[in-house]
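In order, the protein sequence lines correspond to chains P and Y.
Mapped onto my numbering, the consecutive letters of the first sequence carry residue numbers 1000 to 1113.
Mapped onto my numbering, the consecutive letters of the second sequence carry residue numbers 452 to 561.
No lab work stands behind these hints, which were simulated from the structure alone.
Note that this is a predicted model, so its numbers are computed, not measured.
Built from N, CA and C at the ideal position, the CB exists for glycine as well.
It cannot be assumed that every hint is accurate.
Unchecked claim - Here are the simulated BS3-like pairs of lysine-lysine, each with C-alpha atoms no more than 25 Å apart in a straight line:
hint : chain 1 : residue 1 : chain 2 : residue 2
1    : P       : K1014     : P       : K1057
2    : P       : K1004     : P       : K1041
3    : P       : K1056     : P       : K1004
4    : Y       : K521      : Y       : K508
5    : Y       : K522      : P       : K1041
6    : P       : K1004     : Y       : K521
7    : Y       : K534      : Y       : K465
8    : P       : K1057     : P       : K1004
9    : Y       : K460      : P       : K1041
Said to hold, decoys possible - Partner residues aside, some chain P positions facing chain Y, computed with beta carbon under 7 Å:
hint : residue
10   : K1041
11   : G1042
12   : K1057
13   : G1059
14   : T1100
15   : F1103
16   : G1106
Claimed, not checked - From the structure, some residues in chain Y lie toward chain P, with a derived Cβ separation under 7 Å:
hint : residue
17   : G454
18   : G493
19   : I502
20   : V503
21   : L541
22   : P549
23   : F552
24   : G553
25   : N554
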Amino acid sequence: QQQVKQSPQSLIVQKGGISIINCAYENTAFDYFPWYQQFPGKGPALLIAIRPDVSEKKEGRFTISFNKSAKQFSLHIMDSQPGDSATYFCAARIGNSGYSTLTFGKGTMLLVSP
Amino acid sequence: DGGITQSPKYLFRKEGQNVTLSCEQNLNHDAMYWYRQDPGQGLRLIYYSQIVNDFQKGDIAEGYSVSREKKESFPLTVTSAQKNPTAFYLCASARGGPLHFGNGTRLTVT
């Protein structure tokens, strides 16, 4: 049973536009929600993460919006650039500890056209 | 530079053979993980280890085995019992914080 549902599966955005990727979760025990960015042939790298006690977190052009009541969170990439073209994974974990396991969404392949 | 080294980058094997994927980290992380990535399937947890000489099954452990004899090393063996072994395998580590991933090994079994 998939516990983190991610959409869309793929996304094409023009340079300068806003990229939006959505995730929904079922397990209310999740309390740490990271986003990972993966370039072809590389391992994923942490992009930004949020705890459910805040509704939004911004780091540069990347923003996580979190809706605890709806059990949804999303990644917004402002002023999208061709270098942002990558696969993005949302994830969820019980506890903000490296000793618990992450459950990943299926990923979104983002292409930013020049 | 500290990091996670997975080797080899590409690996080819014949069906019916066991194969071992290497994962070494010099980050002094206690926990290590193996994930499998298939197109459109995300990352699925195979095995993880929180301490030397101890490990737990993840969601898709069948057909795989691991060992954790040293803190720095967490090799994964893909056995002949794994029905669909062709995939991209990712190793990760952590110590009370976010996961750090290696750059993966792409295994092709024919």
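Status of each hint after checking the structure:
1. P:K1014 x P:K1057: It holds: about 20 Å lies between the C-alpha atoms, which stays within 25 Å.
2. P:K1004 x P:K1041: Holds. K1004 (chain P) to K1041 (chain P) sits at ~23 Å (cutoff 25 Å).
3. P:K1056 x P:K1004: holds (21 Å)
4. Y:K521 x Y:K508: The given pair, whose Cα atoms are some 18 Å apart, holds under the 25 Å limit.
5. Y:K522 x P:K1041: It holds: about 23 Å lies between the C-alpha atoms, which stays within 25 Å.
6. P:K1004 x Y:K521: violated (36 Å)
7. Y:K534 x Y:K465: It holds: about 13 Å lies between the C-alpha atoms, which stays within 25 Å.
8. P:K1057 x P:K1004: Roughly 22 Å separates the two Cα atoms, so the pair holds.
9. Y:K460 x P:K1041: holds (10 Å)
10. K1041: Status holds, d = 5 Å.
11. G1042: holds (3 Å)
12. K1057: violated (18 Å)
13. G1059: It is violated, given that the least Cβ distance between G1059 (chain P) and chain Y is near 17 Å, above 7 Å.
14. T1100: It holds, given that the least Cβ distance between T1100 (chain P) and chain Y is near 6 Å, below 7 Å.
15. F1103: Cβ of F1103 (chain P) sits 4 Å from chain Y, so the hint holds.
16. G1106: holds (5 Å)
17. G454: violated (10 Å)
18. G493: Where the cut-off is 7 Å and the nearest Cβ of chain P is about 4 Å from G493 (chain Y), the hint holds.
19. I502: Violated, about 9 Å.
20. V503: violated (14 Å)
21. L541: Hint holds; L541 (chain Y) Cβ to chain P Cβ min 5 Å, cut 7 Å.
22. P549: holds (4 Å)
23. F552: This hint holds: F552 (chain Y) lies near chain P, its Cβ roughly 3 Å from the closest one there, short of 7 Å.
24. G553: Because about 5 Å separates G553 (chain Y) from the closest Cβ in chain P, which is inside the 7 Å limit, the hint holds.
25. N554: holds (5 Å)
Comparing the model with each earlier hint shows violations of hints 6, 12, 13, 17, 19, 20; every other hint is respected.
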